[in-house]
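Heads up: the sequence lines are chains A and B, in that order.
Residues 1 to 158, numbered by my numbering, are exactly what the first sequence covers, in order.
Residues 1001 to 1168, numbered by my numbering, are exactly what the second sequence covers, in order.
Don't read these hints as lab results, they were simulated from the structure.
Fair warning: there could be bad hints in the mix.
[To be verified] The calculated lysine-lysine pairs, modelled on DSS-like cross-linking and capped at a C-alpha distance of 27 Å, are:
#  : chain 1 : residue 1 : chain 2 : residue 2
1  : B       : Lys1003   : B       : Lys1014
2  : A       : Lys134    : A       : Lys116
3  : B       : Lys1003   : A       : Lys132
4  : B       : Lys1047   : A       : Lys134
5  : B       : Lys1008   : A       : Lys116
6  : A       : Lys132    : B       : Lys1014
7  : B       : Lys1008   : A       : Lys134
8  : A       : Lys134    : B       : Lys1146
9  : A       : Lys116    : B       : Lys1146
10 : A       : Lys132    : A       : Lys5
11 : A       : Lys67     : B       : Lys1139
12 : A       : Lys134    : A       : Lys8
13 : B       : Lys1047   : B       : Lys1003
14 : B       : Lys1139   : B       : Lys1014
15 : B       : Lys1014   : B       : Lys1047
16 : A       : Lys134    : B       : Lys1014
17 : B       : Lys1008   : B       : Lys1146
18 : A       : Lys132    : B       : Lys1139
19 : B       : Lys1146   : B       : Lys1060
20 : B       : Lys1047   : A       : Lys67
21 : A       : Lys134    : B       : Lys1060
22 : B       : Lys1146   : A       : Lys132
23 : B       : Lys1146   : A       : Lys67
24 : B       : Lys1060   : A       : Lys132
25 : A       : Lys116    : A       : Lys132
26 : B       : Lys1060   : B       : Lys1047
27 : B       : Lys1003   : B       : Lys1060
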Amino acid sequence: MVEIKDLKKINFMSGLSDEILEQIVSVAQMETFGEETTLIRQDQTQNLIYMLVSGRIFLNCRTSGAKVLTLDELVPGQTFGVSALLDNSPATYTAICAEECTLITLSSAQLLQLFKTDYRTGYEMMQRVVEKFKIRMNRHTSQFLESLANHPDVKGVA
Amino acid sequence: MVKIEDLKRINMLKQVPDHLLEILSQEAQLNIYGTNTQLFAVGDTLKTFYLMIMGQVALKVALTENIDVILDNLQSGRSFGSSALIEGAIASYTAVCQEPCEVITLQGSRMLALFEANPELAYHLMTGVAGQYKRTMDKRARMIMKTLEEHPELRQHINDINELTPVY
Chain A
1 MVEIKDLKKI NFMSGLSDEI LEQIVSVAQM ETFGEETTLI RQDQTQNLIY
51 MLVSGRIFLN CRTSGAKVLT LDELVPGQTF GVSALLDNSP ATYTAICAEE
101 CTLITLSSAQ LLQLFKTDYR TGYEMMQRVV EKFKIRMNRH TSQFLESLAN
151 HPDVKGVA
Chain B
1001 MVKIEDLKRI NMLKQVPDHL LEILSQEAQL NIYGTNTQLF AVGDTLKTFY
1051 LMIMGQVALK VALTENIDVI LDNLQSGRSF GSSALIEGAI ASYTAVCQEP
1101 CEVITLQGSR MLALFEANPE LAYHLMTGVA GQYKRTMDKR ARMIMKTLEE
1151 HPELRQHIND INELTPVY
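Only chain B is shown next, with the shape it has when bound in the complex:
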């Protein structure tokens, strides 16, 4: 169990009403992880949703055998592993603590059961996750556009540039 005040520090939960945070606080656990702890790796089935209270977690993928790319360095208020809230989701990056971290965790299977029983909670959390994905998508799209602008010749390596747009 964690305090509601701790949950309110998480960006994606800022719009969630108190009575729902109360439910989440009963399910949540506070964990401390040491530097270099790997929370999950690319290809793992995600079972846990992580909410950062303190510290720094790097999200990375291997570019080549010798080069890892850090996609993001997450700090207090950020969350990751939200795919655990979608059944059977696989991690697309590796998450590693860069320093000692204080992290709230929610078990995916338990949350999915709660979603069935409480659609209001489900709606608010899914809205939070969608917003988080949108911000990440926009950020990545801007990075790609900037790279393509500086090096137009790279466009030939991206054969599905239309997928930069949010069209479904």
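Just chain A, same shape as in the assembly:
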């Protein structure tokens, strides 16, 4: 069973009121997964949001040339799979447990249902998603420009 104090340890949830956390707790599950369990597979649709309570998770990405890059190693407090709230677009990475992991999982269908019965909670959560996405999107743009600025073809022109 998940308690509000568990959610408060998750970065994505910080600052949310107890009233909202209480609602989210009602659809949250605590689950433990063994080492090497694949939680999300690249190119497949996802329907759970994951919040890491203990353990480590690798996020890998297979490029179009079939190379596998490890992009990130997640530590407790981090959240992934938020995109499950938005559409049925496929995951852009694979998430694998590097060791035994305990996670809070939220079913996107249940969460969306909750939002439709309480739009204020839905608004607050979606606003949070938008703010996080915006920061990340701007960072992606900067990364893209950094790689472009250092690209041999561009260096030749500049």
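We have chain A; now place chain B onto it with these hints.
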């Protein structure tokens, strides 16, 4: 005021119920802009949310003194300036009309007031904006991955590659 049918042409509003589009239609204005009109520039505080009915708008940033990069060319159905729906947001790109454009505008401050009064409207619009951001993020991430695959030596210039992943 604009027609609901015009709002239904906008991708991010396709899931918004009619009774909410009705409210938006009362707030919206239809504008015509000429070629080369700059709607806003990098660093401006965004006050207006733009929904494209016709024409083409380029979103660009300066790469160097001599090179501008066009991040996207938006056409009918697309929207931009959605940061106006978040208080105090700053533009991260410059938006310029590439041809005569017909654009619906919504004032950010007015929308924020409406969001307070109508959380259902707020929820649907924020969901639309989040979806739009996600598509853009995925597209940029794919572009970066492709560039890194072709030129692995560029990876040393990106010291926060973990930020390519949607983790929070």
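Hint by hint, here is what the structure shows:
| no. | hint | result |
| --- | --- | --- |
| 1 | B:Lys1003 x B:Lys1014 | 14 Å, holds |
| 2 | A:Lys134 x A:Lys116 | 24 Å, holds |
| 3 | B:Lys1003 x A:Lys132 | 33 Å, violated |
| 4 | B:Lys1047 x A:Lys134 | 16 Å, holds |
| 5 | B:Lys1008 x A:Lys116 | 21 Å, holds |
| 6 | A:Lys132 x B:Lys1014 | 23 Å, holds |
| 7 | B:Lys1008 x A:Lys134 | 25 Å, holds |
| 8 | A:Lys134 x B:Lys1146 | 22 Å, holds |
| 9 | A:Lys116 x B:Lys1146 | 39 Å, violated |
| 10 | A:Lys132 x A:Lys5 | 22 Å, holds |
| 11 | A:Lys67 x B:Lys1139 | 19 Å, holds |
| 12 | A:Lys134 x A:Lys8 | 23 Å, holds |
| 13 | B:Lys1047 x B:Lys1003 | 22 Å, holds |
| 14 | B:Lys1139 x B:Lys1014 | 21 Å, holds |
| 15 | B:Lys1014 x B:Lys1047 | 23 Å, holds |
| 16 | A:Lys134 x B:Lys1014 | 21 Å, holds |
| 17 | B:Lys1008 x B:Lys1146 | 35 Å, violated |
| 18 | A:Lys132 x B:Lys1139 | 17 Å, holds |
| 19 | B:Lys1146 x B:Lys1060 | 21 Å, holds |
| 20 | B:Lys1047 x A:Lys67 | 43 Å, violated |
| 21 | A:Lys134 x B:Lys1060 | 17 Å, holds |
| 22 | B:Lys1146 x A:Lys132 | 24 Å, holds |
| 23 | B:Lys1146 x A:Lys67 | 11 Å, holds |
| 24 | B:Lys1060 x A:Lys132 | 22 Å, holds |
| 25 | A:Lys116 x A:Lys132 | 22 Å, holds |
| 26 | B:Lys1060 x B:Lys1047 | 18 Å, holds |
| 27 | B:Lys1003 x B:Lys1060 | 30 Å, violated |
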